[in-house]
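**Q** Protein chains in written order, with the working numbering: chain C, 1 to 371; chain Z, 372 to 785.
Bear in mind the hints are in silico, worked out from the structure with no lab data behind them. All of these numbers come straight from a predicted model, not from anything done at the bench. Don't take every hint at face value.
Heads up, simulated PhoX-like pairs for lysine-lysine below, C-alpha to C-alpha not over 20 Å straight-line [unchecked claim]:
id, chain 1, residue 1, chain 2, residue 2
1, C, K257, C, K322
2, C, K198, C, K188
3, Z, K462, C, K79
4, Z, K386, C, K276
5, Z, K480, Z, K590
6, C, K267, Z, K717
7, C, K72, Z, K746
8, Z, K586, Z, K611
9, Z, K462, Z, K475
10, Z, K590, Z, K613
11, C, K210, C, K188
12, C, K151, C, K72
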Amino acid sequence: MKNVMGIINVSRRDELLRDLTSLRCIASVPFGGRYRLIDFVLSSMVNSGIYNVGVFTLNKYRSLMDHLGFGKEWDLNRKRDGLFILPPPIHYPLGYYRGDLQNFFSHIDYFHRSKQEYVIITGSNIVCNINFNEAFRFHQETEADITVFYKEIEREEEVFAQCRRIEVGENSRVLDMEDKPGRLNSNKVLIEIFIMKKSLFIKIIEDSNKLEYANLIRDGLIRNMNRLNMYGFHYTGYLGIINSVTNYFKHSMDLLKREVWQELFYKPGLIYTKVKDEPPTKYLDLARVTNSLISNGCLIEGRVENSILSRGVKVHQGAYIKNSIVMQRDVIGKNAIIENTILDKEVFVSEGKELIGDTKQPLLMSKKSMI
Amino acid sequence: MIFRKVGEEDMTSRKCMAMLLAGGAGKRLGILTRDMAKPAVPFGGKFRIIDFTLSNCTNSGIYAVGVLTQYQPLILNSHIGTGIPWDLDRKNGGVSILPPYVLKGEKGKWYKGTANAIFQNIYFIERYNPEYVLVISGDHIYKMDYSLMMEFHEEKGADVTIAVIEVPWGEANRFGIMNTGENGSVIEFEEKPSKPRSNMASMGVYIFCWSTLKKYLYKDDDNSKSSNDFGKDIIPMMLKEKCRMFAYPFDGYWKDVGTIESLWEANMDLLSDDPALDLYDRNWRIYSVNSNLPPHFMGASAHVHRSMVNEGCMIFGTIHHSVLFTGVHVGEGSDIRDSIIMSNVKIGRNVKIKKAIIGEGAIIEDNCQIVSDAKKPEIILLKGDITIPVNSVVKSTIVSIRDLQVSGEEQNMA
Numbered sequence: 001m002k003n004v005m006g007i008i009n010v011s012r013r014d015e016l017l018r019d020l021t022s023l024r025c026i027a028s029v030p031f032g033g034r035y036r037l038i039d040f041v042l043s044s045m046v047n048s049g050i051y052n053v054g055v056f057t058l059n060k061y062r063s064l065m066d067h068l069g070f071g072k073e074w075d076l077n078r079k080r081d082g083l084f085i086l087p088p089p090i091h092y093p094l095g096y097y098r099g100d101l102q103n104f105f106s107h108i109d110y111f112h113r114s115k116q117e118y119v120i121i122t123g124s125n126i127v128c129n130i131n132f133n134e135a136f137r138f139h140q141e142t143e144a145d146i147t148v149f150y151k152e153i154e155r156e157e158e159v160f161a162q163c164r165r166i167e168v169g170e171n172s173r174v175l176d177m178e179d180k181p182g183r184l185n186s187n188k189v190l191i192e193i194f195i196m197k198k199s200l201f202i203k204i205i206e207d208s209n210k211l212e213y214a215n216l217i218r219d220g221l222i223r224n225m226n227r228l229n230m231y232g233f234h235y236t237g238y239l240g241i242i243n244s245v246t247n248y249f250k251h252s253m254d255l256l257k258r259e260v261w262q263e264l265f266y267k268p269g270l271i272y273t274k275v276k277d278e279p280p281t282k283y284l285d286l287a288r289v290t291n292s293l294i295s296n297g298c299l300i301e302g303r304v305e306n307s308i309l310s311r312g313v314k315v316h317q318g319a320y321i322k323n324s325i326v327m328q329r330d331v332i333g334k335n336a337i338i339e340n341t342i343l344d345k346e347v348f349v350s351e352g353k354e355l356i357g358d359t360k361q362p363l364l365m366s367k368k369s370m371i
Numbered sequence: 372m373i374f375r376k377v378g379e380e381d382m383t384s385r386k387c388m389a390m391l392l393a394g395g396a397g398k399r400l401g402i403l404t405r406d407m408a409k410p411a412v413p414f415g416g417k418f419r420i421i422d423f424t425l426s427n428c429t430n431s432g433i434y435a436v437g438v439l440t441q442y443q444p445l446i447l448n449s450h451i452g453t454g455i456p457w458d459l460d461r462k463n464g465g466v467s468i469l470p471p472y473v474l475k476g477e478k479g480k481w482y483k484g485t486a487n488a489i490f491q492n493i494y495f496i497e498r499y500n501p502e503y504v505l506v507i508s509g510d511h512i513y514k515m516d517y518s519l520m521m522e523f524h525e526e527k528g529a530d531v532t533i534a535v536i537e538v539p540w541g542e543a544n545r546f547g548i549m550n551t552g553e554n555g556s557v558i559e560f561e562e563k564p565s566k567p568r569s570n571m572a573s574m575g576v577y578i579f580c581w582s583t584l585k586k587y588l589y590k591d592d593d594n595s596k597s598s599n600d601f602g603k604d605i606i607p608m609m610l611k612e613k614c615r616m617f618a619y620p621f622d623g624y625w626k627d628v629g630t631i632e633s634l635w636e637a638n639m640d641l642l643s644d645d646p647a648l649d650l651y652d653r654n655w656r657i658y659s660v661n662s663n664l665p666p667h668f669m670g671a672s673a674h675v676h677r678s679m680v681n682e683g684c685m686i687f688g689t690i691h692h693s694v695l696f697t698g699v700h701v702g703e704g705s706d707i708r709d710s711i712i713m714s715n716v717k718i719g720r721n722v723k724i725k726k727a728i729i730g731e732g733a734i735i736e737d738n739c740q741i742v743s744d745a746k747k748p749e750i751i752l753l754k755g756d757i758t759i760p761v762n763s764v765v766k767s768t769i770v771s772i773r774d775l776q777v778s779g780e781e782q783n784m785a
């Protein structure tokens, strides 16, 4: 994969996750205890042998930059190539920001300077673990102009309700692609991962700029549907496309299935993330933890059931956490009850408080809340 | 010799650098140290013993560290790498691994004693030309701010300062004991005295003025009868020649995990409500190499109390009063008590383990019993990477699978 560069596209509207994205972009939303959403595509790229990765951001990227640093954890602190974080320029030529293609255009030099011949462009809200080598081989064998990733779902699942669908023919040719969900009656969910020649990508960016088009999927791909050879690559591993609080919650809970935990975090490669040097988690005498994912540095004296705990969480005696996501450094006071709830980072729940959400609509507590 | 002196512009490394002795064989740790030096022995669910001294250095603002290795250095070397986990990958200084080497025009020599190890690396230290040299050992578990000790050293205008800790009188005969005058100056030093006159033991942490130490290292090297050891030779010689020597009292947790029993105890100490060694202190982190594994998974049938569990574990059984390292799997119906389970150990179903230390990568198949005889309870040690087949009964320490067959036959005969 020496000849492929990776692009992670965070240049999107990202208010989808309500309070979870009020202070951060979707790429840096915590997921699975110790990870951030961007870790999944980024680790997949690195595990596939891609060592030139550009992360295109739009706004609220402080926590993302803090998380990525200069890419040490992903082995991307390189002399040549490595990790590039590319925020948009303050003044756009046309006055306001209209879409991701505009951000690519403002950093067009990065593409010209990179030596790789191919690009893989991905979104940043995709929970997956992919070996891109296989897809790249597919791209070369089919002689596609653009390879588009998709996943076939067996039955209609609510978690994919807000996702774009595509139609793929028998020979893997992409026949149709929708811009907004609802038009196509297909069981093939579009994953925002595309492979193409860098020269084609640059051409799409430059042409769009002339025509004042701004959206990669709508203007770059769908508009060119008839002009370009597009093939669909079927990804069969675990997939989450995080685009709402409810589907964030649902995909998080999926991790508690043993087969999902074992596949997503280990195969085909490990998922890397920023290291916090927390010691192992300590369980005291009255701890009772079942069917849960527990990160390092926690201190647990209470009950935890069907839940995900991030690093450094304290659960005091008599507290009961059920079906919930508890993020970094939260403190759950004595005898407090937390159910169907997402607690963002550094939330303090005082003694005896109850936070109970709905199974379908989890309660969401924003960062640093005191309850 | 034309060297550009390293760190000339860098205040910290010019002032004080550390020499970390990490060549110890740790013979009394038995099979645990068969393939690794004592500082590389795993501890506390995710660390190796040397992590404590390396983290102390970086937390104390000492960013130039020479690590002297000799015995079985493979695991140690790969653990330390370029020092990234401890922030010791630096342009000026950082961590340097210093194995014994062949001197120009001479035959190669092993490090004869602790002082000889430093002596052979005089040129290395000279490159930094520090004011002070901190000499420490990678065998000990403790959290200490060396910068406070250095302030003390400067305040006293000492030639050498030795950190001391109060030990129980009954154990004082196992340590190097410092007898001090009223102002904290060391009057007398006794190595393992039969009748100790003080219970202040040397922790093996020394700060020397480099110019003074260098003089004594040469002097010691000229003496062919010397064992070239800090405790036995250098310190007594400096004392005899009336160097300014002070004892720096340290009040905190300090442990030399020299034996299987003390290693087991030190791990179990961490499980108490308020352990003397606080690993959760965010202001004094202990750094280590990170395995990058997912959070540990607790199955529906898991029961875990009074234990420490690290990342990547998958637990379906009962864990009580135990320390689990990275990536340990415990099957349903298994029961683990008072034990230390090191990284990547796979334990099947209905296995019973009591008071054991299981080495890295061991596989214990279903229905095994690893419990010592009630008549002579001992800590059972299982060598790493061993596979214990189904239904086995293990009653004592196992080095190779052959030991198991012998004890298995005994079992059948009984």
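**Q** Now tell me, hint by hint, if it's right for this structure.
**A** Verification of the supplied hints:
no.	hint	result
1	K257(C) with K322(C)	holds, 15 Å
2	K198(C) with K188(C)	violated, 26 Å
3	K462(Z) with K79(C)	holds, 15 Å
4	K386(Z) with K276(C)	violated, 30 Å
5	K480(Z) with K590(Z)	holds, 18 Å
6	K267(C) with K717(Z)	holds, 19 Å
7	K72(C) with K746(Z)	violated, 53 Å
8	K586(Z) with K611(Z)	holds, 15 Å
9	K462(Z) with K475(Z)	violated, 27 Å
10	K590(Z) with K613(Z)	holds, 15 Å
11	K210(C) with K188(C)	violated, 33 Å
12	K151(C) with K72(C)	violated, 31 Å
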